Every structure is written in structure tokens, then in C-alpha cells.
Amino acid sequence: MTLSEIEFVKNPEPRCPVVLLLDTSGSMSGSPINALNEGVAALKKDVERDEKASLRVEVAIITFGGLVETVQNFVTIDQFIPRGLTANGNTPMGTAIEQALDLVEDRKQTYKMNAIQYYRPWVFLITDGAPTDGDRWKKAAQRLRQAETDRKLSFFTVGVENADMTVLAQIAPPTTPPVKLDGLRFQALFNWLSASMTRVSASEVGEGMISLPPIDGWAQTRI
Amino acid sequence: MEWKSVGERSTGTKHLAVNQDCQDYVSHTTLRNNQQVLIGAVSDGAGSARYSQVGSRLAVETSIVELQRLVWNQVPIQQEQAEEIFRNLLNEVISEFQRQAEIDGCSIHDLACTLLVFIASPDWLVAMQIGDGMIVVRHQESDYQLLFAPDKGEYINETSFVTTPNVKVQVCVRPVCQGFICAATDGIENISLIKQGGWIPSTKFFEPLEKHIRSSISQEQKQAELHRFLNSTKLNQATDDDKTLLLCFYEYTSGAKKPSSAQLSHAELPNVPSPQVQMPLSHHLEHQSSNQLAVLNYASKQKERTVAKSKNNWRQNQFRLDRFFRKNYLKLLIIGILTTTLVLIASFKIPLPPGLFNPNHSDNFSTIQTDSNLIRKDKVKILQIAPDAKIQISATLRQNEIHNYYISAKAGQRLITSLRGDGILVMRSPDNEILPNQEVQKQKQAWQGSLPKDGEYFIQIKNENKASPRDYKYRLKIILRDGL
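Protein chains in written order, with the working numbering: chain A, 20 to 242; chain B, 7 to 490.
Chain A with its partners taken away, still in its complex shape:
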């Protein structure tokens, strides 16, 4: 029975990175920011239910409200502790997008250096406004669309309440146009995000297109 002597190699889990790019400008204060905080907490809870996903899904948070700040660098979900976000200041969305793109590329370098395999990163932009940092967003949009075309990442855009959907449509890659959140259904949005990340992080070789859950639980259906 020589086969019982076989020892398995323990390789690190592959990682499935997602950047939450969150608008924390003054207009988000009150019930929107509270609903957003609850949503982020729900994301952790949901992903943790799946043991494999909690070791594979890595989350980072960049906020833009006055300042652009990486409030959470990449951690696996099991080590992620959501902190309450507060809202104030204007909406430097262009700078924030560029920071997210840099963060993703840095993370990939870290993975490569440590021989960790990974899934295609997601960047998830949630905003209730329009960029206030001049024409910066145009440059950022160009860069992110190129990154999306080069398959460097997947980019999703969600507009909340009075978000400028026209500008968002110019930012979001044509393949994934912006979606309007239905009211303040952040919780349903993050349920969907965690279900999607769980699916992606369990996908096997050859599943080029992963079918994501339907978004009608949180997105406004257009007329």
C-alpha cells in the first residue's frame, strides 16, 4: 500500500481581490452612510459563511470624501474588521479611481512575489454624486477602461440616489455600464457582491465567463 504514503503539498490558497471604492462625501451623511456601513458589515458576514471563500476573498477599501484614503488595505475576509465610515467633504472621484488601479497592481506584484495564484480583481465603485476634482476623472476613466480592456480587472459602478449617471456612464467601461441602486438597498447590494465573489473564488479552470447572480434585488430597473 505505497499510495497511502503520499503526502500532499500545501500551497497557499489562491486570492480573489476586491476593492470597494466608496463615496464618503458630505452628501452621503445620514441614512446613506449608515446603510453603506451596514452593507459592508453584511459583506463580511456573508462571505464568512463559505469557508473557502473567507480564505480566498480579499477586500480593500478606498474612501473619497474630501480626501482619498485607503482606509483598509487588502486582507482576507476572515481578518477583515469593518470600521464605521463617516461622511464629509467633496467628491475627488478621479483621484480615488487612480488610487484603486494602483492598489490592484501593487497587490498583484505581492501575489507574484509570493507565488500566490489569483483571480481577476474587482473594483466596485459606489457614489451618490459626480467628480469634483476637475478633469481628473477623464484621465482616470481612460486608464480604467484600458485596464478593463486589457483584462487587468473588472470594474463595476453603482450610482446612489442623486448620482450623476451621465458622468458615471462615461467612467464605467462600456461592457459594465453603471447601475442605479434601488433606494438605499445597500444590504441587498452587498449580499449580491458576496455571492458573486464566492462564486468567482470557487470557479475552476476554463470557466471563462462566470454567471453572476441577478441584480434585480438591489438595482433600479430602468424604464
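Quick caveat, the hints were computed from the structure, so don't treat them as lab data.
Predicted, not measured: the structure shown is a model, and the values here were computed from it.
For every residue, glycine included, the Cβ atom is placed at its ideal position computed from N, Cα and C.
You may find that some hints are simply not true.
What the hints assert, rightly or not - Partial selection, computed: residues in chain B whose CB lies under 7 Å from chain A:
hint	residue
1	Ile197
2	Lys201
3	Ile485
Claimed, not checked - Covered by chain A, per the in silico footprint, the following chain B stretches (three or more residues, Cβ under 8 Å):
hint	region
4	155 to 162
5	225 to 238
Unchecked claim - In silico DSS-like cross-links for lysine-lysine, where the CA-CA straight-line distance does not exceed 25 Å:
hint	chain 1	residue 1	chain 2	residue 2
6	B	Lys240	A	Lys29
7	B	Lys396	B	Lys468
8	A	Lys71	B	Lys201
9	B	Lys20	A	Lys127
10	A	Lys131	B	Lys174
11	A	Lys127	B	Lys158
12	B	Lys240	A	Lys71
13	B	Lys468	A	Lys29
14	A	Lys171	B	Lys158
15	B	Lys201	A	Lys131
16	A	Lys29	B	Lys479
17	A	Lys71	B	Lys158
18	A	Lys171	B	Lys201
On the provided structure of chain A, position chain B as indicated by the hints.
Just chain B now, kept in the frame of chain A:
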């Protein structure tokens, strides 16, 4: 002295949970007439492809059949030649996929799968890999070595498949005996290769496998234990994917001497195999010419296979043939008289002496399943084909001839054609323009696509080598159907 080999596959728990078949396939065999040469193939069907379990099986079986047709001997070949062999093999696999896709009414991408193939003798190994999975080898006192890095994209859930356009085919040639060979699909990868430091095969994984294949227990027991291992809880906890292992070991039987070639110094070693297209009869005759019964059986088996597979290979090594005929003319004559199956020789285009057993090829069109009007013109043959046809044509293209097959078709109908044999196929529109061919890889020998307008299309079969034209046979398949 012989190869010991055992291959097993097992459905992953993820697929069992949703009642899916195992998408992996594995097969191995030695050459019919040379037990010293082993061919092995494994394939992993793509998770996203509908019929990938059909694809992986077809890819493996086609590989085994095609490589068995080649004569592998000791004349050195180079990397480039090995690359050509495997490129040809890939083309054969794609042709089979196109045929299968036609039967199943699907795209070849629905059959997407990886493919790993090796041919090994006591003196050399050639191997190829498309996509992920692995071939690990070891010779004498060396460590376990991975032949190719798994062909992953940037992301873990991506790889390439035999159906990927312009797919990367990794090929290698090893001019020394690889006593131990293990081929596996990617279900085994994460537990056997150490990724940190660059995909290093773990001795703690492969050594027990080598011990297993080397052990003196019976073949059945080896198979059973490997089966048990692949279905064990321990393994299923580590991976939920389908998994396949093919283990091979070349054993020198006790007391027997190593083959002399293996004792040559490295410089004298016959580098690699020289593949020549197999001439089953001649090869067999050289070894067994005194045994006419064996020849007969072999010939009729060959015929069955030829008929069953509907394929032929007329590429020949002229030099070998001439030499063979000089040596065996009389023997061949006697055997020929004894066996009517020698007519089969015609199928292999062996240049028999004029007037002797030269089969009747005067009228070259034998059309199946269709009413056809054959119009003969000088050097041009025209065949009118009814719409909604599915036909197969065997014919001989004489020097300087062009064969034209006219097809009346409507816009939007789909036409699928493929050519076996030398020569090239050109598809022309009703306006006599060459139609671009984007759907198939083997562009000179197949055309497939939707027709842009109503009218008379025609398929031209031409001699490939304009400088020195010669007669050759071909088989053309034409399928015309409405819509997709």
C-alpha cells in the same frame, strides 16, 4: 524489458454533486509492433464547455490512433520535427472535433479541453502540452522534473485549450530514457507541485507513485489501488475537481541486459525517434514475412480500422518504399496472390508494379448518399451537389487537374467541408472570389462557414505542389445545411 503503465481517472466531488460526468480522459498503449514504444495521453475537459467530456475523450483517442500510425525508430529528430508532428496531431484533433461538432450540432468550443501527450522509448521521450496539467519524469538518479510549466493565464481560473485559436503548443524532446513518467490533469496540480520556487514536483508525492508502478503486484491490483486513491476521502478533501493519473515505468527485467543503445555514450545516442508515416504492411513484413497468417490478420484488422475511422494516410516515405520493394518484391507477390486483402495496398498508394493488383480507379468518383451528375471536362471535374446534402467523395487528382465541386446554396446556409489527403482546398463564391476561412485552423484543407448569398459556390481541389505535380488520392466531405 517492458513498460508498466496504469491510468485512472475519477470524477471530482463538485461534479458528482451536480450529477456531471468526469470531464477528464486518459489512455495509453504501446505500438502494435514495438512494445518498447509507449504512447500516453491525458485531457481535461473545460468546465465552461458543454460537451467537454466528449472532447477530452476524442482528443485522447485521436492522439493515440494518430501517433500509432507513425513509425518511431531510432533516427534522430530535432525539436522542430517534434513540433511539426504535434502540430499535425493538433490539426487531426481539430478535424475530429469539427466532425463531432457537426454530428452534435454544436461548436468545436463546446468540446474544449486540454491535451498532454507523450511518446517514450527506452532511449528517448517526446512530449507536448496544451493548457494546464502536468507531465513529471525522472531518469535514473535524478530528481523528479516537470516537463512544462502549466499553461495558466494570469488568473488561476484561466488556461488555453486545443480549440483556442493559435494555441501555444509546448513541445520537448529528451534524448535519454525517462524511466518514470507521470501525466496528470490539473486536479492533481495543487497537491503535487510546490508553487513557491516555481512548480517543483514534490518527492513526497511522486515517490510513492513511482514505487506503486514499480512494485511487483499484479496489474489489476495496481489499477484497483490507484482507483481507490483517486476516490479516497483524503484526496477529495484536498481537491473537488476531476483528477487523472497516468503512471508509467520502464523496467529492465532481471537478468536481461539493457538494450545496447542505452549503453552507448551520450554522444552516440540516437537522439530521438524518427517518425515516418507508418506503412503497416511493409513494416510488418520486414519482421514477420515468414508468417503469412500474421500478415493477413494484420491487413484485415488494418482494413477494419481504415473503414471504421474513414481515414487514410497516403503520405509515404518513398525511400523506405523503394528499398522495401527491392527487398520484398517476391514475398509480396506470393502473399498478394494468397490474399485478396492486398487490394488494400491500393489504399496506401504503394507503387505496385504496373498491371499487378492495381485496383480499378478509372472512374474516380464514388459518391455516397447523393444523386449526382458527373460532368467531365478536360482536366476539370464538376460535380453538381443537391442542397441539404451530406456527402463524401473519394477521388484521385491527377497531375495538373483541378476538381471543382459546384454547390447551389442559399444565403445563410452553412457549408462544412474537409479534405483528407495532400492537396489544398479552395472555396470560391458565386462571383469566383476566394472566400475567407476564419472558422477552422486547417485552412488549406477545410472550409466552414455561413454562405453570404444565393448562388453557385464551388470547392476546388488543387495540387499542392505546383513545382512537381503528382497524382494523389483524397477524400472530400461536404455538408450543407440550413441555418446553424
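Right, here's what the structure says about each hint:
no. : hint                : result
1   : Ile197              : 4 Å, holds
2   : Lys201              : 5 Å, holds
3   : Ile485              : 28 Å, violated
4   : 155 to 162          : holds (count 4)
5   : 225 to 238          : holds (count 4)
6   : B/Lys240 x A/Lys29  : 13 Å, holds
7   : B/Lys396 x B/Lys468 : 22 Å, holds
8   : A/Lys71 x B/Lys201  : 19 Å, holds
9   : B/Lys20 x A/Lys127  : 28 Å, violated
10  : A/Lys131 x B/Lys174 : 22 Å, holds
11  : A/Lys127 x B/Lys158 : 15 Å, holds
12  : B/Lys240 x A/Lys71  : 17 Å, holds
13  : B/Lys468 x A/Lys29  : 58 Å, violated
14  : A/Lys171 x B/Lys158 : 15 Å, holds
15  : B/Lys201 x A/Lys131 : 11 Å, holds
16  : A/Lys29 x B/Lys479  : 56 Å, violated
17  : A/Lys71 x B/Lys158  : 21 Å, holds
18  : A/Lys171 x B/Lys201 : 22 Å, holds
When held up to the earlier numbered hints, the structure conflicts with 3, 9, 13 and 16 and fits the remainder.
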